[in-house]
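Chemist: The lines below spell out each chain.
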Amino acid sequence: MAEQEELVNLTIDGQPVSVPKGSLIWAAAQKLGIEIPIYCYHPKMDPLGACRMCFVEVEKMPKLATACTTTVAEGMVVSTTSAKVKKGRAGTLEFLLINHPLDCPICDKGGECDLQDFTLRYGPGGSRFDLNKRHFEKPIPVSENILLDRERCIACQRCVRFTQTVAMENGLVMEQRGFRIEVGVDPAAPFDSIFSGNVVEMCPVGALTAKNYRFVTRPWELKKTPSVCGNCSVGCNVRVDVRVDKVLRQYSRTNDAIDDGWLCDRGRWDLDWINDTERLRTPLIRRDGQLQPVSWDEALRFVAERLRAVRDQRGARAIGGIGSTHTTNEEAYLFQKLLRAGLGTNNVDHAHGRFPATEPGALPWAWSDSIAGLEQASHIVLLGADPYHRQPIVDLRIRKAIRAGARVYVVTPEANRLDRLVAGVIRYTAGHTGTLARALLNIITSDGLARGEQGAQRAADRRASVAQETPERAAQVAGVDADALRELAREIAGAKGAVILYDEAATLEPSGATLAADVLDLALITGNFGKPGAGAGPLLADNNSLGARDMGLLPDTLPGYRPVGDAAAHAALGGAWLATLPAEPGLSYTEMLSGGVKALYVMGANPARDATPEQLAALDALDFLVVQDLTLTETAQRATVVLPAVAYTEKDGSFTNTERCVQLVRRAMQPLGGAKADWEILVGVARALGLGWTYLSPAEILSEIGRTVPLYAGVTRRSLGAEGVRWPFAPGERTPEGRATITGSPSITWQMLAEGVARAQKPGGELIAPRGRGE
Amino acid sequence: MADSVDTITTENKTLPLGPYPRFVTRNMDVPGIDRIEVYREHGGYAALAKALQSFQPEQLVEEVKQSGLRGRGGAGFATGMKWSFLPPTSPKPRYLIVNCDESEPGTFKDRMIMELNPHMLVEGVIIGSYATKVHHAFIYVRGELAFAGRQVERAVREAYAAGLIGKNILGSGYDLEITVSRGAGAYICGEESALMESLEGRRGYPRLKPPFPAVVGLYGGPTVINNTETISTLPAIVEHGAAVYGAYGTEKSKGTRIYCLSGHVNRPGNYELPLGTPLRTLVEDFGGGMRGGKQLKAIIPGGSSVPFLLPNQLDTPMDFESMAAAGTMLGSGGVIVLDEDTCIVGAVLRMTEFYRDESCGKCTPCREGTFWLVQLLERLEHGGGKESDIDLLNDICDNMLGKCFCPLGDAATSSIMSSIKLFRDEYIHHVRAHACLVGPGATRAHAASVTPVSAR
Ligand SMILES: Cc1cc2nc3c(=O)[nH]c(=O)nc-3n(C[C@H](O)[C@H](O)[C@H](O)COP(=O)(O)O)c2cc1C
Ligand code: SF4
Ligand code: SF4
Ligand code: SF4
Ligand code: FES
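Those protein sequences? They're chains B and H, same order as listed. Each residue of the first sequence is one higher than the one before, starting from 208 at the first, in this note's numbering. Each residue of the second sequence is one higher than the one before, starting from 14 at the first, in this note's numbering.
Chain B extracted, bound-state conformation (with noise of 0.2 angstroms):
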């Protein structure tokens, strides 16, 4: 990793500092926390020397230089605060400012305004302007979401250039020239991407504002919470927005290793569903046939008294939980322990796609690189996969890859954002996935495409059960180019570097059932692995989709992916947990669905929604059905008892995204009255059930987490920092306090991807299907 980079010294008012060769001497001011004022800047896009703004004074150099273009050289002696600076400086601001229409008692912008702020902090205090400024009508619309106000730009270009360079979306342009100059939309173009958002967050004025933004709150009046976005598995790094009790926005708190410091309008706007009216505020009983307020204890004793009622009557294997992809590591792992340690069942399980078991030793199924990866990928391959509708932000960071120079193939049944850009696209029947990556397999193992001895070896091992899936047979049943195919095969087998992505929900097709293992055993075979820019994995539906997993919200698997049969997790967990665990696998979430328990616990997940008329027959039969949600869902509407919980935005905990990062989530809100957070919930049910569980807060519980499961040995609230960390966790240096820190770790051996495919394959090779929800 650390190449010895080549420092260059200099010193910026008078302060000696160290940077890179090649930095700008914005960033060596930054290092030094020496504000230079910026406006077309942005760290994220090339340097564009516009606005006149990061005058510095350089010694030697004649005229004033601008800080975002000049790069460093050794001995320079830079200042910030000359005279010729500060008139320089002062003289762009009231040029600025002489067509600013000044505004600022009812912009949006105001308060967080980087004009307002370097005005008073560099600007000349007053302004010798007299005369007409111009004048544009006011905010015009430049999508749906997004308007323009003219008067207020500073043509800075930074959402035109964002729109060009970095989202590579249709989107806005400068039309005229001189003062006359104005952002603009092609009117045969609109400006309709999932990224659009963050050319608002990027206006330094208020020229760009959103729609459901405008005039509803003053930027000091909000309590702003760093925190993760909760609305798709890719798990940005956000900052949450709060007035009073509404979420307003979420902007970007720049995480280069998974967002790179942009949101996309899902994450930033869609958060209507935690500022809902119809959101619960109480605890509901079905009386009479009908859902009735009671109180939460009476709610909770109600609750145990059922459960311990269907357990003695019936036995501890007629309970069954469905979990969340939603909810946080420490609720995942309470929840699953609620019902194995406390109620003594294994039938815990959640909405997923079909991944074989996990042993240890064995990478659980996830991506195998990370998102930062991608970047240094020579190809990606994306194979059922719509990242800029599901995952956007991988989307972006595929972008910024092609413009690195990787080749893309596109692989989906449907149109996808991405064609345009990519080296390829390849479009099949839908649900045909897994025929496709079985006949990349059968070109692969039977072209001699293998690399390596290992990989040889493996393709040896794979032959036989890919020998009938050929690409003729694939263009027959899922109306594929077979030569299209042979082609994509080459380019993986010769890749420098291939990242092979599908998406999770592919895996449910009917096609798709041992799609996980083929797709690893694409890039196993071909040298595809191990190292940044290669590898192969699932991109994942929801929020926690991953954390749900490897919380062991499995019928089959403890938390950290041991079996349930394991006789060592057993010992440990059952000590930790001082009870006696179930040792048999429990039902999977279809068999639940399927009258195989008669009391469901259902914690924020919503079966009923897509479930077939047997399976709502079945939910209607339960003798007993309690719900955690924020809403009245379908399934709620069936249940006996809901409980109202809170959104990820009212409580505390941790997420673990795509890529396995696990990172912090933070309360940036209060709890709606009357609704409790799913962990405090389930605390309260233990202890109807005499549990005695005492967790007061969710560090408590990832704690515990750290202590018990051994894939995220280590984790506590504080080695999680800022950022998070990605597992498999190595042990870290320990802090100045003495305390032990814990590092993720980048290297995924052969043994680890090798150990996944092999446990997922009968003797000959043949894959076994894995079970997943619909099964």
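There may be inaccurate statements among the hints.
[Stated by the list, open to error] Once the Cα atoms are required to be at most 27 angstroms apart in a straight line, the calculated BS3-like pairs of lysine-lysine come out as:
1. Lys270(B) / Lys294(B)
2. Lys228(B) / Lys146(H)
3. Lys238(B) / Lys222(H)
4. Lys105(H) / Lys703(B)
[Stated by the list, open to error] Residues of chain H placed beyond 12 angstroms of chain B at every Cβ, according to the derived structure:
5. Tyr187
6. Leu221
7. Arg280
8. Gly282
9. Asp298
10. His447
[As the list claims (entries may be wrong)] Far from chain H, by Cβ distances over 12 angstroms, these chain B residues were calculated:
11. Leu239
12. Pro250
13. Leu271
14. Gly295
15. Ala297
16. Ile361
17. Gln497
18. Gly880
Just so you know, these hints were derived from the structure itself, not from any lab. The C-beta atom is built at its ideal place from N, Cα and C for all residues, glycine as well.
Since chain B is already given, all that's left is putting chain H with the ligands on it; use the hints.
Modeler: This is chain H with the ligands only, laid out in the frame that chain B set:
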């Protein structure tokens, strides 16, 4: 044209081609010289044949260095030196661009070359491309110059047909493609990097430098960019040799260049003169003196982007160094002569409007500064100004000067700052009399406090 050349006498016998040779304007007045046959009858493309046969590219670069040729686009950078900045080899293709975007107010020489003698330009392009080992050259013609554009396009077509462009030119094994491209009407696209943006199909914004075009230019490849006249001088240099060309002009400003004489003179027009020829020779001998016997008030010697000279500076030699010493610049060679009836504030307003309208809008000081300057000048010119506006103009210029992204913003300040320095009393007259000193609607109410033209 300089039809009075023969009437001028000089003692200097060391000049091989007489005192006022015509290198770049030769044959310009031959009827039909814009067609390839006539051009060839008059010796056209012989220099190309000589260059390909007798020179290695490196020798040609050396020859151009020896000739002392300096860029005619404005900055006067040594052409051979510029060429030698190209890296010897590069992974990306290298290009040569001819800057035919001529838009500087007062400048109309490139247009004449393109319209009257386009083959001389094309011949220069081929020689220049061969010297710089370029296999694809672009000629970027200002959009408004429709006829010039058509002339150049036809010349290129004719040269292609004659095998002078394309593969294996004149059996030399040297290949060259030439593409003619037309601008869409923006002064800024004459700035070399904005021109490249425009050629690549984007909005004409100047690019950040470094990297300079010689390293990263058109389509990211190493690029030479030269002015029309610079390139059109190459055939003559090859034909006569660097020594003959370099015998003209001054020590540091060698050769001849075309001066575009305009304004209140009797014979405005393009005159090719050796560098270092005094302004007076151009204005009085070639230009036939002041129109209507009026008095000279001021001269802008190098296009609208350079500071004014006063009548008492009429003997300044027109070379880069002497002009700089006189506080102005030779610029694009556009010599604008203003007589005593010219309102300086009005003239400056007119020029500043040009910069306001042509500012690309990329950088703040130029975009907003030119807007403000025009408003202030307008109110001064129309009699509504305040005395403090004059210092304000100066300070706005100071906030632009050296602070803009490209030289256009600096250029916008030249006429204002120099006119306030030289004609402050005329500005004050506008404020006090609420009217101009001279010209339509003028009043001489406060003329007593203004230095008379005859005293300058
Ligand atoms: C605003 C601006 C406009 C310019 N316009 C022209 C032009 O129209 N023609 C030209 O040859 N050079 C123009 N230049 C100069 C070019 O940038 C460049 O220096 C020149 O083409 C180089 O050629 P030369 O070395 O042969 O002079 C302009 C420069 C600026 C800053
Ligand atoms: S709208 Fe905002 S971001 Fe876009 S150019 Fe104007 S000031 Fe800059
Ligand atoms: S990509 Fe996902 S995590 Fe990131 S902002 Fe969008 S919804 Fe939130
Ligand atoms: S000085 Fe600035 S605004 Fe003016 S033309 Fe150059 S880049 Fe454009
Ligand atoms: S921030 Fe440096 S010029 Fe705009």
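Chemist: Each of the hints needs a verdict: does it hold here or not?
Modeler: Okay, the hints, checked on the actual structure:
1. Lys270(B) / Lys294(B): OK: Lys270(B) and Lys294(B) at ~13 angstroms, within 27 angstroms.
2. Lys228(B) / Lys146(H): Violated. Lys228(B) to Lys146(H) sits at ~33 angstroms, over the 27 angstroms cutoff.
3. Lys238(B) / Lys222(H): Between Lys238(B) and Lys222(H) the Cα gap is close to 25 angstroms, so the pair holds against 27 angstroms.
4. Lys105(H) / Lys703(B): Measuring from Cα to Cα gives roughly 23 angstroms; hence the hint holds.
5. Tyr187: Tyr187(H) clear of chain B: closest Cβ-Cβ about 33 angstroms, beyond 12 angstroms.
6. Leu221: 5 angstroms, violated
7. Arg280: Holds, since 36 angstroms exceeds 12 angstroms.
8. Gly282: Gly282(H) is indeed farther than 12 angstroms from all Cβ atoms of chain B, at 32 angstroms.
9. Asp298: Fine: 39 angstroms to the nearest Cβ keeps Asp298(H) off the interface.
10. His447: His447(H) clear of chain B: closest Cβ-Cβ about 17 angstroms, beyond 12 angstroms.
11. Leu239: 24 angstroms, holds
12. Pro250: 16 angstroms, holds
13. Leu271: 6 angstroms, violated
14. Gly295: 6 angstroms, violated
15. Ala297: Check fails; 8 angstroms does not lie beyond 12 angstroms.
16. Ile361: 7 angstroms, violated
17. Gln497: 66 angstroms, holds
18. Gly880: Consistent with the label, Gly880(B) stays out of reach of chain H, its closest Cβ about 50 angstroms off (over 12 angstroms).
Hints 2, 6, 13, 14, 15 and 16 from the earlier list are contradicted by this structure; the remaining hints agree with it.
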